[in-house]
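A.B. asks: Below are the chains, spelled out letter by letter.
There are 2 protein chains.
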Amino acid sequence: MKIVRDVLEMQNICTDLRHAQKRIGCVPTMGALHEGHLSLLHIARQRCDISVMTLFVNPTQFGPKEDLLKYPRPFDKDCEVAEKHGCDILFAPDTNDMYPDNYMSYVVVENITHKLEGESRPGHFRGVTTIVLKLFNITIPHIAVFGQKDAQQAIVLKRMVTDLNLPVELIIAPTLREKDGLALSSRNTYLTKKERLKVPLLYQGLHKAEQEHNRGELFAKNLIKHIKETYKKTELFKAEYIAIVDVENLEPVETISGKTLIAVACRTKETNTRLIDNIILGGTL
Amino acid sequence: MKIVRDVLEMQNICTDLRHAQKRIGCVPTMGALHEGHLSLLHIARQRCDISVMTLFVNPTQFGPKEDLLKYPRPFDKDCEVAEKHGCDILFAPDTNDMYPDNYMSYVVVENITHKLEGESRPGHFRGVTTIVLKLFNITIPHIAVFGQKDAQQAIVLKRMVTDLNLPVELIIAPTLREKDGLALSSRNTYLTKKERLKVPLLYQGLHKAEQEHNRGELFAKNLIKHIKETYKKTELFKAEYIAIVDVENLEPVETISGKTLIAVACRTKETNTRLIDNIILGGTL
Chain A
28 MKIVRDVLEM QNICTDLRHA QKRIGCVPTM GALHEGHLSL LHIARQRCDI
78 SVMTLFVNPT QFGPKEDLLK YPRPFDKDCE VAEKHGCDIL FAPDTNDMYP
128 DNYMSYVVVE NITHKLEGES RPGHFRGVTT IVLKLFNITI PHIAVFGQKD
178 AQQAIVLKRM VTDLNLPVEL IIAPTLREKD GLALSSRNTY LTKKERLKVP
228 LLYQGLHKAE QEHNRGELFA KNLIKHIKET YKKTELFKAE YIAIVDVENL
278 EPVETISGKT LIAVACRTKE TNTRLIDNII LGGTL
Chain B
28 MKIVRDVLEM QNICTDLRHA QKRIGCVPTM GALHEGHLSL LHIARQRCDI
78 SVMTLFVNPT QFGPKEDLLK YPRPFDKDCE VAEKHGCDIL FAPDTNDMYP
128 DNYMSYVVVE NITHKLEGES RPGHFRGVTT IVLKLFNITI PHIAVFGQKD
178 AQQAIVLKRM VTDLNLPVEL IIAPTLREKD GLALSSRNTY LTKKERLKVP
228 LLYQGLHKAE QEHNRGELFA KNLIKHIKET YKKTELFKAE YIAIVDVENL
278 EPVETISGKT LIAVACRTKE TNTRLIDNII LGGTL
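Heads up: the sequence lines are chains A and B, in that order.
By our numbering, the letter at position 268 of the first sequence is numbered 295, and the numbering carries on one by one without gaps.
By our numbering, the letter at position 273 of the second sequence is numbered 300, and the numbering carries on one by one without gaps.
Don't read these hints as lab results, they were simulated from the structure.
A portion of the hints provided could be inaccurate.
If we take Cβ atoms under 8 Å as the criterion, some of the chain A residues that face chain B in the derived model are [stated by the list, open to error]:
| id | residue |
| --- | --- |
| 1 | Met131 |
| 2 | Ser132 |
| 3 | Val134 |
| 4 | Val135 |
| 5 | Glu137 |
| 6 | Asn138 |
| 7 | Ile165 |
| 8 | Leu191 |
| 9 | Tyr217 |
Glycine residues also receive a C-beta, built at the ideal position from the N, C-alpha and C atoms.
Next comes chain A alone, as it looks inside the complex (with noise of 0.2 Å):
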């Protein structure tokens, strides 16, 4: 596995690769790599000639008060993980290097990047697009992967491509669970014991959603009350939000018909650590 640093060299290398008709799969991460992370790069690899990891804690996706400076940056296991499972460049460029001083360009998805996550976190999809698009740019992908985990990313990352006409296919992959349900996060690592045996009560409430759904509950308001109870039984997580939305304008849905979005998102009561999780019902993004 080759890692590159240099912002210039990791282009290039990417132009040379293009010219050699080589199919380039670019997995966008921020390290802390867990299965997810690696079940992305499995998909870059299979569909691809050249499997690029990008690997960069990206500063202005973080609110001034959230997690940046704590944010897990475990590098050396990161090289580490991301070789055994086969990627061939890994790309983990300094902060002055990709936001220089007097930088000042940014991407914007309007509507959409204000709802969900946007409400609680201003300007964190700003810092998506806005990265997510240099890091296009810099590894040329013909492919990019993401988890379906960051749900309104995904779809807010759909929209971008399709507006700004980006020469790039985006596959959402499947999010990852462990056995109890609770989805992979680099930010688990944050929660204390009693917390972590609780917080898989998030994707029970969205799988208590699902069966109802399944037997026949089309109404959003009393899949949403299913999962109020659910999270009901603890005390050491609050929901932010519990929302029931179309998959593609991210609007309140009453009645579930087409594909729809169900996502939730809490703060633990110790840690305060913040966790989100979704499912789609009648397909996938």
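Assemble chain B onto chain A, guided by the hints.
C.D. replies: Relative to the frame of chain A, chain B by itself:
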């Protein structure tokens, strides 16, 4: 010359050209072609295997009270002229294909877009950067050629290319002028005969400032005085701004040292036509 209207067709053609190792040079225009545009095309042809001219009157860069509807659209003549001057591919998409319903993604360059043109034309540069990024993603050029006449646009686009790591080289070509000094512009066709006789003063003021600078004048306020005196010779236009600024950050300069932009904008009295012009002291863009 091939005329392409479909976005995906254009993107496929350019992807194939890239695979065939052809160098693509792109000249984005809003049509109403004049010699200035053709000089840009000439540069693209010299430097590349394939010249692509885009022709699209971009609604998102016009303010609500601006001249979007009356902007000249001599499509057949433009095609004829472009072909005669050796353009390989003319890309002229429909507005609905470039900005379909639910369109919501924009590229924003902060700070330098709020000055000069940005003050009179809020949102203008957001429209420019967005459409140029889209056109780059569709035509996948190695180089793109713009005119110095829109100096701030050139500076903003260079900033976008650097910040977003776009794999394209921007070339800024010198402003072409009529014999009396008036910068070529599609908007010159709006002028009455009386206005047309007087608007060359716009450049004459700049030229006077350049001469005074060459004679050793280093103080911006004195150069501005010379320009204002020139503009006093007519009542047929009024200056909107006369600015002497750093070419990178567009901050006002007191004493000329490095590369400095002198930029002016005016409105004519009879037809309310907005004209801009500029010169660079100490170098080129």
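A.B. asks: Return the status of the interface hint for Val134 (chain A): holds when the least beta-carbon distance to chain B is below 8 Å, violated otherwise.
C.D. replies: Cβ of Val134 (chain A) sits 6 Å from chain B, so the hint holds.
A.B. asks: Was the hint right that Leu191 (chain A) lines chain B, CB cutoff 8 Å?
C.D. replies: holds, 5 Å
A.B. asks: With chain B as the partner, please determine if Ser132 (chain A) meets the hint condition of a C-beta pair closer than 8 Å.
C.D. replies: holds, 3 Å
A.B. asks: Would you settle whether the hint for Tyr217 (chain A) is holds or violated, based on the nearest Cβ-Cβ distance to chain B being less than 8 Å?
C.D. replies: With a closest approach of 32 Å, the Tyr217 (chain A) hint is violated.
A.B. asks: Given Ile165 (chain A) as an interface hint, is its Cβ closer than 8 Å to any Cβ of chain B?
C.D. replies: Holds: closest Cβ of chain B sits about 5 Å from Ile165 (chain A), inside 8 Å.
A.B. asks: Have a go at the Val135 (chain A) hint: is there a Cβ in chain B nearer than 8 Å to its own Cβ?
C.D. replies: holds, 5 Å
A.B. asks: Just to be careful: measuring from the Cβ of Asn138 (chain A) to every Cβ in chain B, is the smallest value less than 8 Å?
C.D. replies: Hint on Asn138 (chain A): holds, closest Cβ of chain B at ~5 Å, below 8 Å.
A.B. asks: Would the hint on Glu137 (chain A) stand, with a C-beta cut-off of 8 Å toward chain B?
C.D. replies: holds, 4 Å
A.B. asks: Could you check if Met131 (chain A) really has its C-beta closer than 8 Å to a C-beta on chain B?
C.D. replies: holds, 4 Å
Figure legend: structure checked against the earlier numbered hints; the only hint not met is number 9.
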